[in-house]
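Colleague: Here are the chains, one letter per residue:
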Amino acid sequence: MTILLSELARLVEGTLVGDGSLSIEGVAPLDVATPRQISFFSNRKYKADFLATKAGAVIVSKADVGGDVPKDVSLLVVDNPYLAFAQASTHFHHPPTYPAGIDPRAAVEASAEVDPTATVMPFAYVGRGVKVGARAVIHAHCSLLDGAVIGEDCVLYPGVVVREGCTLGPRTIVQPGAVIGGDGFGFAFDARKMRHFKVPQAGSVQVGADVEIGSNTCLDRGTLGDTVVAQGTKIDNLVQVAHNVEIGPLSLLAGCSAVAGSTTLGAGVVLGGQVGVIGHLNIGDGARLAAAAAVFQDVPAGAAYGGIPAQDQKRWLREQAAVHQLPELLKEVRDLRKRLAKLEKDE
Amino acid sequence: MTILLSELARLVEGTLVGDGSLSIEGVAPLDVATPRQISFFSNRKYKADFLATKAGAVIVSKADVGGDVPKDVSLLVVDNPYLAFAQASTHFHHPPTYPAGIDPRAAVEASAEVDPTATVMPFAYVGRGVKVGARAVIHAHCSLLDGAVIGEDCVLYPGVVVREGCTLGPRTIVQPGAVIGGDGFGFAFDARKMRHFKVPQAGSVQVGADVEIGSNTCLDRGTLGDTVVAQGTKIDNLVQVAHNVEIGPLSLLAGCSAVAGSTTLGAGVVLGGQVGVIGHLNIGDGARLAAAAAVFQDVPAGAAYGGIPAQDQKRWLREQAAVHQLPELLKEVRDLRKRLAKLEKDE
Amino acid sequence: MTILLSELARLVEGTLVGDGSLSIEGVAPLDVATPRQISFFSNRKYKADFLATKAGAVIVSKADVGGDVPKDVSLLVVDNPYLAFAQASTHFHHPPTYPAGIDPRAAVEASAEVDPTATVMPFAYVGRGVKVGARAVIHAHCSLLDGAVIGEDCVLYPGVVVREGCTLGPRTIVQPGAVIGGDGFGFAFDARKMRHFKVPQAGSVQVGADVEIGSNTCLDRGTLGDTVVAQGTKIDNLVQVAHNVEIGPLSLLAGCSAVAGSTTLGAGVVLGGQVGVIGHLNIGDGARLAAAAAVFQDVPAGAAYGGIPAQDQKRWLREQAAVHQLPELLKEVRDLRKRLAKLEKDE
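Chains A, B and C are the protein sequences, given in the same order. Heads up: the first sequence at position 70 corresponds to 70 in our numbering, and the numbers run straight through without jumps. Count along the second sequence from 1, add 1000, and you get the number used in our numbering. Count along the third sequence from 1, add 2000, and you get the number used in our numbering.
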């Protein structure tokens, strides 16, 4: 997979400053890269590593190439160094491949339709009426229950569960242990019989194309109608998406975030780690929620919110800065009170 | 499953205002229901949908039937519209059924006792001395380790693990990937040998009847004695219940909540999403913890708490409202200080 | 497994005050222990239970033996009662054992190397080039993908996934459903093609010796280079460890905590429940983060931090105490303002 630096420049559509005949053997971080490897510089936090790197070449932005640069290192100048790095890394790293076909140790119900180019690994269970598209890979211990539909080129890592009637669009990747279509958390309290009556969770989950779903993440099926994750959205590990949530395209949900029932996220929404959003809200297109935010009201499109309860991120930081001064403020007001009382007495 | 509206009225014990001869084919939300479907109205947020609905009938409360209602729509008047909707929906929606018996591709140890009316799906593992009750359904990739007991009519979705000696009461439903009886997090630091010494987790988990356990939720076994979940309690996805926690009947734990070791929750306790409760606390009967609360002290019965650290919910809201005024308060106190100094100087 | 109290005293290296000929049959909490059982007292919260215990013997610290003690109860005096209790309990409780060898219902690829003394249970999947060490136990439904290495004496409970090339050191225990080596959450936005381009996650996870990993916990593989968990660290349930995180030895991560990408935790770090740490930070040796803390900046070695955003724990408590006074402070400042205005007018 060795590649000339000049070819790599073409691959990432970058401008080469240096030696195009250099033969590149791999990618590595700035601090460990060797002269036969390429690295990238995009986070200013690693400026010292950039200047001291022993990499043969570094991918940099137009802005950064104007400042200090390491000596004797070729530069690949691009608009988006992280994207170019990802493209270069993709040249060197390929996921393992598996032979097509159904392993004899898998269990596939007679009414299931598995494309002959798909891979079904040992101990996968493919239920009644399930459809598995071309070139999809179903790893060991996946359970696809009645009527689930797995699109072309999907990869389901071990232990993924797709319950009845749920659909995954093409090229969607599901990390190990994720659960698509578990019952939503719906109960109506019956005060006369003193019980929580289970509300049927009769909808499903519709996941679009090019989605990624993280390890042990849970997407609940809808109560009536469906839970929806639109194309290109990426969801990290241990995320909870409740019944009838709708997530627009190209959103990013970081680890341990949670969205309660019937809430709608627009396109390109970003939830930081451990963000929580209560039910029946609207989070507008492009809204960004900072890590640990707890969202109790609608968020307008394009807004950056943070805090508990979540509000405009800058306002939240300003209020938190003020809270840091609060113990001293209390003392000062006590002092003002005394001095004022003295003045009043003197008057 | 079509049903006359008059029969549906009897089923949900409601008062019919309209055409009992209407033939109902299903349930649907207000905004998408057709004239052959029934819907329900209980959240005022959806009042506009209620007035514009094309549903053949709507389930409403006595309070709401007095206000504006849609024209040409039959009404089913009940005490609890959400409960009545759940009952109506149950008429139309039935979980898939599976043939009784042990699939030949399952592995059942010789000393296990599986009721002949139970279903054991392919690749389920049923360990030594395990008991599976009548009509229980054990899906693919469930692991029931030595001595586990699964009650009558339980449903264990794919990938559920019930470890050694844990018990599930009748009619309990476990969503995919949940873990019952993993080791609690108990270590004693041995300063001389510089290691965390593992404390044996020798208890088990006792789950009562009619409990529901969400996808990828974890209930740890007790250290000595048992972790207990009483009858009728419902636990959402990705919830952590630590060793020796005791949860009373009819409680509700929403998604991503977490209860640390040896804490006791009473009857009818409600934990909102992402609530955390530290160890060795008592949360009284009927206490309600708002989403994102972090509980560091006991909560009295019937209390509504919120915030970090959790306190009376109304007080918390009042304090948060005050925090919002804090940046301006700091300015004002600075101004008062100056004016007071001027007065003092003038005196 | 009955043992003389005098032998138990030797086992835990304690000083016996009482009857060494007492035959002890087990361990139990103070409030339920019988005269043939031993208990322990270390948490002052349970002082009343200590004084009223019917245990035959109680393990206590030197400090506590000086105060009130129960009558007619032998005492085992030690430096660390919790550690001594753990050692005593280990005498009585042994994990179940399984016959060595590969169950014929498991699937082991031809190129895998499984030590003949290891146990591979039904429906375990052992991929190409995987190595399983001596006496390791691989439970049902574990998936070990290409090139994974499982050390000697490891126990992998049901449903554990170890992805390609990840390594577990000797004696490491993995609770059910944990995922080692899922893809990290890395995407570069391609604005021209309007997509999140997947960054190859080409590293692995290196887990040291004597580590414990909780139920449904996720450790992501590195992007380049590895995610590392050093020896003796214990991780609770539902914890998220992102790509390229490095965790030093003997750290403790409590349930539902989360560490974002490329953050480094030192030796002996303690994360409380639901703690979140953002990416690219350094958490120093021995730092302690209180439950629910959200960490947005580096934490110095030895520090105790808490709150959102996390800061010195004592300062956080002081600020929270001040926030509790804030609604009244607002009133007082309003009052001061009026009185000051009156004085100014009078002047």
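There's no promise every hint is true.
[Said to hold, decoys possible] Here are the simulated BS3-like pairs of lysine-lysine, each with C-alpha atoms no more than 27 Å apart in a straight line: (1) B:K1345 with A:K338; (2) C:K2193 with A:K62; (3) C:K2314 with A:K314; (4) A:K198 with B:K1047; (5) C:K2193 with A:K331; (6) B:K1047 with B:K1062; (7) C:K2193 with B:K1338; (8) A:K331 with B:K1342; (9) A:K193 with B:K1062; (10) C:K2342 with B:K1342; (11) A:K342 with B:K1342; (12) C:K2314 with B:K1198; (13) A:K62 with A:K45; (14) A:K338 with C:K2338; (15) C:K2198 with A:K47; (16) B:K1338 with A:K342; (17) B:K1314 with B:K1342.
Since the hints were derived computationally from the structure, they do not count as laboratory data.
Colleague: State for each hint whether it applies.
Modeller: Status of each hint after checking the structure:
no.: 1; hint: B:K1345 with A:K338; result: 16 Å, holds
no.: 2; hint: C:K2193 with A:K62; result: 20 Å, holds
no.: 3; hint: C:K2314 with A:K314; result: 25 Å, holds
no.: 4; hint: A:K198 with B:K1047; result: 25 Å, holds
no.: 5; hint: C:K2193 with A:K331; result: 57 Å, violated
no.: 6; hint: B:K1047 with B:K1062; result: 15 Å, holds
no.: 7; hint: C:K2193 with B:K1338; result: 58 Å, violated
no.: 8; hint: A:K331 with B:K1342; result: 20 Å, holds
no.: 9; hint: A:K193 with B:K1062; result: 20 Å, holds
no.: 10; hint: C:K2342 with B:K1342; result: 14 Å, holds
no.: 11; hint: A:K342 with B:K1342; result: 14 Å, holds
no.: 12; hint: C:K2314 with B:K1198; result: 31 Å, violated
no.: 13; hint: A:K62 with A:K45; result: 18 Å, holds
no.: 14; hint: A:K338 with C:K2338; result: 15 Å, holds
no.: 15; hint: C:K2198 with A:K47; result: 25 Å, holds
no.: 16; hint: B:K1338 with A:K342; result: 16 Å, holds
no.: 17; hint: B:K1314 with B:K1342; result: 40 Å, violated
Figure legend: structure checked against the earlier numbered hints; hints not met, in rising order: 5, 7, 12 and 17.
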